[in-house]
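Undergrad: Which chain is which? The protein sequence lines are A and B, in order.
If you count the first sequence from 1, position 107 lands on 107 in our numbering, and the numbers rise without skipping.
If you count the second sequence from 1, position 419 lands on 419 in our numbering, and the numbers rise without skipping.
Be a bit skeptical, because a hint or two may be false.
No distinction is drawn between identical chains; accordingly, a pair holds when it is met within one copy or between any pair of copies.
Once the Cα atoms are required to be at most 27 angstroms apart in a straight line, the calculated DSS-like pairs of lysine-lysine come out as [as the list claims (entries may be wrong)]:
{"hint": "1", "residue 1": "Lys147", "residue 2": "Lys207"}
{"hint": "2", "residue 1": "Lys358", "residue 2": "Lys329"}
{"hint": "3", "residue 1": "Lys207", "residue 2": "Lys288"}
{"hint": "4", "residue 1": "Lys329", "residue 2": "Lys207"}
{"hint": "5", "residue 1": "Lys432", "residue 2": "Lys288"}
Everything labelled a hint here was simulated from the structure, so no lab data went into it.
Number of protein chains: 2
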Amino acid sequence: MLTSIVDADHIRADPTSLERYGVDALGEGRPPDLVVLPGNTQEVAAIARLCHEQRVPLVVRGGGTGYTGGAVPTRGGVVLSMERFTRILEIDRTNLLAVVEPNVITADLQRAVERVGLFYPPDPASLESSALGGNVAECAGGPRAFKYGTTRRYVLGLEAVLPTGEIVETGSKAVKNVVGYDLTQLLVGSEGTLAIITRITLRLIPKPPARAALLAIFVDVQAAVDAVTALIERRVVPAAIELIDAESLRAVRDQLGEELAPPTAGAMLLVESDGTQAGVDEEIELVKQACRGVGAMRVTLAADEAERERFWNARRLISLALRATGLLKINHDVVVPRGRIPELFGVIDELREQYRLKIAAFGHAGDGNIHVNLMVDRENADERARAREAERVLFERVVALEGSISGEHGIGFAKAPYIGIELSPQEIALMKRVKAAFDPNGILNPGKIFP
Amino acid sequence: MLTSIVDADHIRADPTSLERYGVDALGEGRPPDLVVLPGNTQEVAAIARLCHEQRVPLVVRGGGTGYTGGAVPTRGGVVLSMERFTRILEIDRTNLLAVVEPNVITADLQRAVERVGLFYPPDPASLESSALGGNVAECAGGPRAFKYGTTRRYVLGLEAVLPTGEIVETGSKAVKNVVGYDLTQLLVGSEGTLAIITRITLRLIPKPPARAALLAIFVDVQAAVDAVTALIERRVVPAAIELIDAESLRAVRDQLGEELAPPTAGAMLLVESDGTQAGVDEEIELVKQACRGVGAMRVTLAADEAERERFWNARRLISLALRATGLLKINHDVVVPRGRIPELFGVIDELREQYRLKIAAFGHAGDGNIHVNLMVDRENADERARAREAERVLFERVVALEGSISGEHGIGFAKAPYIGIELSPQEIALMKRVKAAFDPNGILNPGKIFP
Numbered sequence: 001m002l003t004s005i006v007d008a009d010h011i012r013a014d015p016t017s018l019e020r021y022g023v024d025a026l027g028e029g030r031p032p033d034l035v036v037l038p039g040n041t042q043e044v045a046a047i048a049r050l051c052h053e054q055r056v057p058l059v060v061r062g063g064g065t066g067y068t069g070g071a072v073p074t075r076g077g078v079v080l081s082m083e084r085f086t087r088i089l090e091i092d093r094t095n096l097l098a099v100v101e102p103n104v105i106t107a108d109l110q111r112a113v114e115r116v117g118l119f120y121p122p123d124p125a126s127l128e129s130s131a132l133g134g135n136v137a138e139c140a141g142g143p144r145a146f147k148y149g150t151t152r153r154y155v156l157g158l159e160a161v162l163p164t165g166e167i168v169e170t171g172s173k174a175v176k177n178v179v180g181y182d183l184t185q186l187l188v189g190s191e192g193t194l195a196i197i198t199r200i201t202l203r204l205i206p207k208p209p210a211r212a213a214l215l216a217i218f219v220d221v222q223a224a225v226d227a228v229t230a231l232i233e234r235r236v237v238p239a240a241i242e243l244i245d246a247e248s249l250r251a252v253r254d255q256l257g258e259e260l261a262p263p264t265a266g267a268m269l270l271v272e273s274d275g276t277q278a279g280v281d282e283e284i285e286l287v288k289q290a291c292r293g294v295g296a297m298r299v300t301l302a303a304d305e306a307e308r309e310r311f312w313n314a315r316r317l318i319s320l321a322l323r324a325t326g327l328l329k330i331n332h333d334v335v336v337p338r339g340r341i342p343e344l345f346g347v348i349d350e351l352r353e354q355y356r357l358k359i360a361a362f363g364h365a366g367d368g369n370i371h372v373n374l375m376v377d378r379e380n381a382d383e384r385a386r387a388r389e390a391e392r393v394l395f396e397r398v399v400a401l402e403g404s405i406s407g408e409h410g411i412g413f414a415k416a417p418y419i420g421i422e423l424s425p426q427e428i429a430l431m432k433r434v435k436a437a438f439d440p441n442g443i444l445n446p447g448k449i450f451p
Numbered sequence: 001m002l003t004s005i006v007d008a009d010h011i012r013a014d015p016t017s018l019e020r021y022g023v024d025a026l027g028e029g030r031p032p033d034l035v036v037l038p039g040n041t042q043e044v045a046a047i048a049r050l051c052h053e054q055r056v057p058l059v060v061r062g063g064g065t066g067y068t069g070g071a072v073p074t075r076g077g078v079v080l081s082m083e084r085f086t087r088i089l090e091i092d093r094t095n096l097l098a099v100v101e102p103n104v105i106t107a108d109l110q111r112a113v114e115r116v117g118l119f120y121p122p123d124p125a126s127l128e129s130s131a132l133g134g135n136v137a138e139c140a141g142g143p144r145a146f147k148y149g150t151t152r153r154y155v156l157g158l159e160a161v162l163p164t165g166e167i168v169e170t171g172s173k174a175v176k177n178v179v180g181y182d183l184t185q186l187l188v189g190s191e192g193t194l195a196i197i198t199r200i201t202l203r204l205i206p207k208p209p210a211r212a213a214l215l216a217i218f219v220d221v222q223a224a225v226d227a228v229t230a231l232i233e234r235r236v237v238p239a240a241i242e243l244i245d246a247e248s249l250r251a252v253r254d255q256l257g258e259e260l261a262p263p264t265a266g267a268m269l270l271v272e273s274d275g276t277q278a279g280v281d282e283e284i285e286l287v288k289q290a291c292r293g294v295g296a297m298r299v300t301l302a303a304d305e306a307e308r309e310r311f312w313n314a315r316r317l318i319s320l321a322l323r324a325t326g327l328l329k330i331n332h333d334v335v336v337p338r339g340r341i342p343e344l345f346g347v348i349d350e351l352r353e354q355y356r357l358k359i360a361a362f363g364h365a366g367d368g369n370i371h372v373n374l375m376v377d378r379e380n381a382d383e384r385a386r387a388r389e390a391e392r393v394l395f396e397r398v399v400a401l402e403g404s405i406s407g408e409h410g411i412g413f414a415k416a417p418y419i420g421i422e423l424s425p426q427e428i429a430l431m432k433r434v435k436a437a438f439d440p441n442g443i444l445n446p447g448k449i450f451p
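Bound conformation, chain A alone (with noise of 0.2 angstroms):
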């Protein structure tokens, strides 16, 4: 049947592919029965409809580089595939808008409307390899989300496939749409479980003309915090305030041989600043003052585009760093009020020493999104299962402390189980209903979000 909606070429049931295809960057899951290329919207509603009235799980996948599972099936069916929609299909310098096809990726966008002089903020860690479907589908953050917002804030429109096989446009090429409800704004972050988004209406910005990034070190994870504090109070809106713990940047040292900071560091701040020369002159010495008054071991103003790259570089490295460690990384992406983060730290210290366990953590102070990672041996048993206790608890406080369990990577089936969490019984019913209210036969990556 699927044979006679895409060509043969278009469909994949070799075990190789099959295997690829049933993991993502989580590295968990089980395989497809079947992978299919869609060419096309037409394409995809066919195979929708086909997967409903056979009622056959459908796992959409963009560029595999989810956290959480979403793009992987859990109880096989078919696996979605839209790299073929690859296309820019305009950029728009009058209305400062793009519209694209789901499989563009992130950093080829942000390339192409910056040779014109615009902007698209979200920047996740990902961005060289994920696909803009999946940070709608993900609403995807990363470090400028703290100025500009998140994959949320740059999305006026979709087209999309409903899992009964009816395509649907959502918002308009207006920046302003209050026609109805939001089912734009209900498709982004729904992690592929409402629709399958085809086509994908951005908002863009004016470039901002300059730029500059600054190092701090700290003799604790407090005082740089204080230092953000510091900021906020002299109302300061970098375009990404980023804070690595001593565990992340011993990771870097040990084993990437980068000396970030001296060895009696606590805590690294990377500051960017963006906007008008002026404007990030200003700023620029703000941070500085916010970081010498709180008693910054060393404060360095990146000297160049180079060197700001460099300092953005050795961000970017913590992550394989942690890797490198040949430890099992279990990242998560747990959100507090700003205000809070020092309760967090003292949360993560609490785990460390109650479950014996290495945790580094670092991330997105400005909007205080901490990634904190469980780096676990993988052999040991024992450890693992005090890890996943760990786990929990650090769920239950960082809701306690009025955060969330996840600020970007989604739920996907990773953390299903812990949804109940934050969400209670008539929350997590009334997502179900919204969830019927598309997908009534249940087909569209079923086994994430919900327990």
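Based on the hints, put chain B in the right spot on chain A.
TA: Chain B alone, transformed into the frame defined by chain A:
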């Protein structure tokens, strides 16, 4: 039964009240059978449950400033007035957020947060009387939405009562949250048809330290729009760009004796810039250049804050002046991609001619959201009929221009017959299924949004 939930004091059934709660700013609607003024969330929940069980229409009312009849009954039932929910519960200066009850007046919150150096940008024209709950329900905008976005961008979380009586909390105090479907964003703009908002957590931003306003006069709308296009090309995003057409200027002159521009003027732009003083100075200079570059007749920078206030008062006088004509003002807040504003004004000219109507247009040029006011003699049945026809053609043409029939006011019952111009039957059916997921008995604000 209701008297077992709220004091008799807080139930109104006298004819004056029923009449008063039977209209909002649209000036149409049907009176309710009862008005109830609950004092807390538990009472709201009990009232909802009762109406759900008895299948009685339940209409939530805030400030009653809406233009599409969203807050008034179409078929009797209970009006639930939130007027006792007036407390600002929290202004959190560390985490830059406020927690408010839904009937806090928009401008009251703005003044309260500005006193501590913070800023709540959404600025609907009705801000001195509109309630934040209504702002959220309708996704209110205003001039500053061009730079700062609409209400949607500031809502972090909600406490809401489902029509079935359950209390849910959506979102959190964290600025990022991707746990489950974004019910917060789904409720924003849902026009009181999905749930009753009882508490709102709003994101705040630092108050811009400096601002300035500039008036520019042009021979025609085309020249004014050319100036806006030139600004966009220079990648300038002022806080607001308001466009006022000749008909609106004439009404202000004739009705209020205020000479905003010489009689030969065809259009006026009011531009506001905010940010650091250096940034504002730089931006205003670019705005002047852009206006002069397209041959503005006059460009005037407000000399001080008092003159700036005068400029904005002039802008706010327009609606008053139009109402003072004694004509019926049928206000439509259509929106097109910004670059298509000249085409929209072309459509307006055609409508003026073809349907022999007086039409005054003004609004938010920055985001393409133009308020098109059909000025109609109430006593002239033929003119009213021509206005009805023109209205439909306006909506059709706006959608053909890739725009939307409403950028700010919502659909209510006034625009419900036209929703099919913008949305497909599949999209409307999907929205109705979402509605049913929240409100199986269809008691909440019936007769709104859907035809």
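Undergrad: Does each hint hold? Answer for all of them.
TA: Cross-check of the supplied hints:
no.	hint	verdict
1	Lys147 - Lys207	both (14 angstroms within a copy, 14 angstroms between copies)
2	Lys358 - Lys329	within (10 angstroms within a copy, 67 angstroms between copies)
3	Lys207 - Lys288	both (24 angstroms within a copy, 21 angstroms between copies)
4	Lys329 - Lys207	neither (35 angstroms within a copy, 41 angstroms between copies)
5	Lys432 - Lys288	neither (49 angstroms within a copy, 54 angstroms between copies)
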